[in-house]
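Trainee: So the chains spell out like this:
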Amino acid sequence: MSRSDLKTPAAAAAGRVSTAADAAGAARAARETVTFPVTGMSCAACQARVQRELERTPGVEEAAVNLLLNSATVSFEPSRTSPERLVEAVRATGYGAELPSGAADLAAEEAERDRQAEAEYRSLRMKSLVSLALGIAAMVLAPPPAVALVATTFVMLWAGRHFYVRAWQAFRHHAADMNTLIAVGTGAAYLYSVPATLAPRFFESRGVPADVYYEAVILIIALILLGNALEARARRRTSAALRALTRLQPDTARVSKDGAEILVPIGAVRPGDTVVVRPGERIPVDGEVSEGASAVDESMLTGESLPVEKGPGSRVYGGTINATGAFQYRATTLGAASALARIVKLLREAQASRAPLQRLADRISAVFVPTVISIAIATFVIWYLVADVAPAVRAFTSAVSVLIIACPCAMGLAIPTAIMVATGRGAELGLLIKGGAALERIRAVNTVVLDKTGTVTEGKPAVTDVVALGGRSEPELLALAAPVEALSEHPLGAAIVTAARARSPELAPAEGFRALPGHGARGTVRGVEVVVGNRAMMTDAGLDPSPLDGVAAGLAAAGKTPMYVAAGGALAGVIAVADTIRPTSREAVAELRGMGLDVVLLTGDNRRTADAVAHEAGIERVLAEVLPEGKVAELERLQAEGRVVAMVGDGINDAPALAQADVGIAMGTGADIAAEAGDVVILHGDLRAVGRAIHLSRRTVATMRQNLFWAFIYNVIGIPVAAGALYPGWGIRLSPVIASAAMALSSVSVVSNSLRLRRAAIG
Amino acid sequence: MSGTEWLVLLGGIAAIAWVNWYFFLSGRATATAAARGGADGVQEVTVVVQGGYEPREVRVRPGGPVRIVFDRRETSGCTEDVVFPDFGIRRFLPPERKTVVEITPPAPGSYEFTCGMGMFRGKVIVE
Numbered sequence: 001m002s003r004s005d006l007k008t009p010a011a012a013a014a015g016r017v018s019t020a021a022d023a024a025g026a027a028r029a030a031r032e033t034v035t036f037p038v039t040g041m042s043c044a045a046c047q048a049r050v051q052r053e054l055e056r057t058p059g060v061e062e063a064a065v066n067l068l069l070n071s072a073t074v075s076f077e078p079s080r081t082s083p084e085r086l087v088e089a090v091r092a093t094g095y096g097a098e099l100p101s102g103a104a105d106l107a108a109e110e111a112e113r114d115r116q117a118e119a120e121y122r123s124l125r126m127k128s129l130v131s132l133a134l135g136i137a138a139m140v141l142a143p144p145p146a147v148a149l150v151a152t153t154f155v156m157l158w159a160g161r162h163f164y165v166r167a168w169q170a171f172r173h174h175a176a177d178m179n180t181l182i183a184v185g186t187g188a189a190y191l192y193s194v195p196a197t198l199a200p201r202f203f204e205s206r207g208v209p210a211d212v213y214y215e216a217v218i219l220i221i222a223l224i225l226l227g228n229a230l231e232a233r234a235r236r237r238t239s240a241a242l243r244a245l246t247r248l249q250p251d252t253a254r255v256s257k258d259g260a261e262i263l264v265p266i267g268a269v270r271p272g273d274t275v276v277v278r279p280g281e282r283i284p285v286d287g288e289v290s291e292g293a294s295a296v297d298e299s300m301l302t303g304e305s306l307p308v309e310k311g312p313g314s315r316v317y318g319g320t321i322n323a324t325g326a327f328q329y330r331a332t333t334l335g336a337a338s339a340l341a342r343i344v345k346l347l348r349e350a351q352a353s354r355a356p357l358q359r360l361a362d363r364i365s366a367v368f369v370p371t372v373i374s375i376a377i378a379t380f381v382i383w384y385l386v387a388d389v390a391p392a393v394r395a396f397t398s399a400v401s402v403l404i405i406a407c408p409c410a411m412g413l414a415i416p417t418a419i420m421v422a423t424g425r426g427a428e429l430g431l432l433i434k435g436g437a438a439l440e441r442i443r444a445v446n447t448v449v450l451d452k453t454g455t456v457t458e459g460k461p462a463v464t465d466v467v468a469l470g471g472r473s474e475p476e477l478l479a480l481a482a483p484v485e486a487l488s489e490h491p492l493g494a495a496i497v498t499a500a501r502a503r504s505p506e507l508a509p510a511e512g513f514r515a516l517p518g519h520g521a522r523g524t525v526r527g528v529e530v531v532v533g534n535r536a537m538m539t540d541a542g543l544d545p546s547p548l549d550g551v552a553a554g555l556a557a558a559g560k561t562p563m564y565v566a567a568g569g570a571l572a573g574v575i576a577v578a579d580t581i582r583p584t585s586r587e588a589v590a591e592l593r594g595m596g597l598d599v600v601l602l603t604g605d606n607r608r609t610a611d612a613v614a615h616e617a618g619i620e621r622v623l624a625e626v627l628p629e630g631k632v633a634e635l636e637r638l639q640a641e642g643r644v645v646a647m648v649g650d651g652i653n654d655a656p657a658l659a660q661a662d663v664g665i666a667m668g669t670g671a672d673i674a675a676e677a678g679d680v681v682i683l684h685g686d687l688r689a690v691g692r693a694i695h696l697s698r699r700t701v702a703t704m705r706q707n708l709f710w711a712f713i714y715n716v717i718g719i720p721v722a723a724g725a726l727y728p729g730w731g732i733r734l735s736p737v738i739a740s741a742a743m744a745l746s747s748v749s750v751v752s753n754s755l756r757l758r759r760a761a762i763g
Numbered sequence: 001m002s003g004t005e006w007l008v009l010l011g012g013i014a015a016i017a018w019v020n021w022y023f024f025l026s027g028r029a030t031a032t033a034a035a036r037g038g039a040d041g042v043q044e045v046t047v048v049v050q051g052g053y054e055p056r057e058v059r060v061r062p063g064g065p066v067r068i069v070f071d072r073r074e075t076s077g078c079t080e081d082v083v084f085p086d087f088g089i090r091r092f093l094p095p096e097r098k099t100v101v102e103i104t105p106p107a108p109g110s111y112e113f114t115c116g117m118g119m120f121r122g123k124v125i126v127e
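Going down the list, the sequences are from chains F and H.
According to the numbering used here, the first sequence is numbered sequentially starting from 1.
According to the numbering used here, the second sequence is numbered sequentially starting from 1.
Worth flagging that the hints you see were computed from the coordinates, not collected in a lab.
Bear in mind the structure is a predicted one, so any value in this text is a computation, not a measurement.
C-beta atoms are modelled at their ideal positions from N, C-alpha and C, and glycine is treated no differently.
Among the hints, erroneous ones may be present.
Computed from the model, here is a short list of chain F residues facing chain H with C-beta under 10 Å [unchecked claim]:
1. 116
2. 235
3. 351
4. 358
5. 361
6. 369
7. 391
8. 412
9. 420
Pairs of lysine-lysine residues, derived as DSBU-like cross-links and limited to a Cα-Cα distance of at most 35 Å, are as follows [to be verified]:
10. H:123 with H:98
11. H:123 with F:345
12. F:345 with H:98
13. F:345 with F:460
14. F:345 with F:257
Please take these sequences and the hints and turn them into a complete structure.
Mentor: Shown next, in the form of structure tokens:
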């Protein structure tokens, strides 16, 4: 069955809508709904079969297969099954199914949108230029009224037709919009001019001049169309960042199967497939490197400008570009679950959201058009009653000017265009800002609370100091300790192994390994008995650790964990391991403090380690030894002091604290760069992004306010001037043509002002 | 004041009154429709997109998903997106085609949908 009836890219993007209430307890009641296209069903029996199969799949609570829409909507427990498994289940029945909405579908949608927009732009430009030429000719040549009548009728029916059609449709719905104003304004001028052309005597005999307004009608339509064309073009640019993201994913992947490399469409890649990437190629799907090494440019996804080193075990993301090396990797998350698709989804949701500032614009635009029409009628009546000379003409042109100059569009565009551009700009900077409300709130932050592990620090221990005794070099000491630690499962041991491998990749084997949990481990390396562990471990082994106590105490005071090493029955040295701070943390903290913000370190770690990290990062206020459940209480206490608090932490452990904070900022790192928690996600683990988010928010809110102010003040000044308020004192009047030029400019200027955010200096 | 002036004055007042009545007071009831159960039991309603949304208000029963078929019968760029801010949905509506949006309202209440720039509005009311 053809999918064309439904299968707009959008329909496949029906996406996941969480059915769980947003309220507390969402985690427990977690139930997700996914809709995906199913192909090949031709009858009710097929439908029943697919439905039965889905209902039998463990973890599925409810399945509804729709034959007409060619889709299945399934609600399931995410802990027990996944969209991937559901798709597999449908495929097992012999029908086709695809994961919903990968980035590729979105790219198709954006391409379709581009075609539409381009066609609209061309048509508007053509119509406006032809009308403009006719209008100028009518003004300069002053043709006989009958000729002008024909030209005007042509322009109204050809170029301005949609104004009247849309105005009529809106009117039938008891609604009024910009089209209403243009249609009523130009329509009135036209309807006045036609009888004045055909029966001028009728007017003159009653003392009313038989004026015609043809060139005004043509020029008004021409100028407004020109404004619409410019606006259509500018509006496209507001979503440029989103469009760039949707185009990242390549169409095909090189999959290695039975020793051969075959090029397959991206939709045919399965989790577990081995994908081959050559130098310079774009990485097709998410996965984990299994063989080879390379550097990968992830800037398009995370905003991180330096290439990221990848080796076996590293995660790679679809849409990023491989630099010089070649490697193979195992495909993991695909389709809607991929990092790229999730970033695109979050960005789209953000762009669909509304900012609190919008409410003001909403309230005004709801009553705007009928109010303007009322003002125009009042203008007519007043001028008719007070004008000494030609009251009908004065009244009429002023009323038409009021209708034409009023611009509800500028007000409607003020906030949404700023949100579009700002969230897109954020994504380019590696910041996913989830919606207009968050965007508006960030600027008010005055206290930034930083989680320690994984936020200020790298989140994984590394060897920081090596002190070797007895004439051994530091690498020699590491080479002795590492084989023993390679067999232990302790995270601190892993740091020693990594450090040793960095100096020489081959480790000697260890024999007779024994671990003493909480103390250390021992084994024989190249015939030498090696003991690695804490002070107690040394005493147990009959060694006197005291010569190294001074060194160890110094290291511990700096927040590091010292590990003693003994070899061949003698003390051999100390290796210190610590969670090192990220290279950019110190600069980021300085920047935040420079912006006048208070920076607080919050951690469950002991005070000594916390103080050491805080000192290194330049943070003065430290809240240490806070249990995970105590973090929320600490934030509440800060908020009770009247502070507006931003909490920066990882999206998993700190999720409750992120939710409690006024602004929750999740560090998307490693396995999960597009974390779901928080109002903002930092995609590249660089703390400097916090300052950028605040800068961006300040700029955006400023832009929103400027837009609202200009859109508002434009109407507040424009309408009375058009109505002739300045005429009594200063003799200033606006012709309807000037009014239409002003109206065309006002919405273009609002969009252009929003577009400036794309280039604004951020941090 | 002359007779014509009186006529203009009274006519103007009447016109203003009518405009405000027509756009603000009348016509509220005509623009709502109730969703019907579709083939698979999901409530379904069609909204015509043409210079606005017809109907502007969709009434649905609580519980379960609601399928809204947007039938866009124009090419004007203004209505090319439909946005459900409460659900984080922004959907492109290709011109002269039907596009399905499915939402699952969590509780009774009113859920707004708008065009991409928030200028045209409609509502899903869960009773």
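Trainee: The structure should be examined with respect to each hint, and the outcome stated for every one.
Mentor: Verification of the supplied hints:
1. 116: Residue 116 (chain F) check passes; min Cβ-Cβ to chain H is 6 Å, inside 10 Å.
2. 235: holds (7 Å)
3. 351: For residue 351 (chain F), the interface hint holds, since the closest Cβ of chain H sits about 6 Å away, which is under 10 Å.
4. 358: Holds - the Cβ of residue 358 (chain F) comes within 10 Å of chain H, reaching about 7 Å at its closest.
5. 361: holds (8 Å)
6. 369: holds (7 Å)
7. 391: holds (9 Å)
8. 412: OK, holds: residue 412 (chain F) within 10 Å of chain H, min 4 Å.
9. 420: holds (9 Å)
10. H:123 with H:98: Holds, at about 19 Å.
11. H:123 with F:345: Measuring from Cα to Cα gives roughly 23 Å; hence the hint holds.
12. F:345 with H:98: holds (22 Å)
13. F:345 with F:460: Holds: residue 345 (chain F) and residue 460 (chain F) sit about 30 Å apart, inside 35 Å.
14. F:345 with F:257: Status holds; Cα separation ~32 Å.
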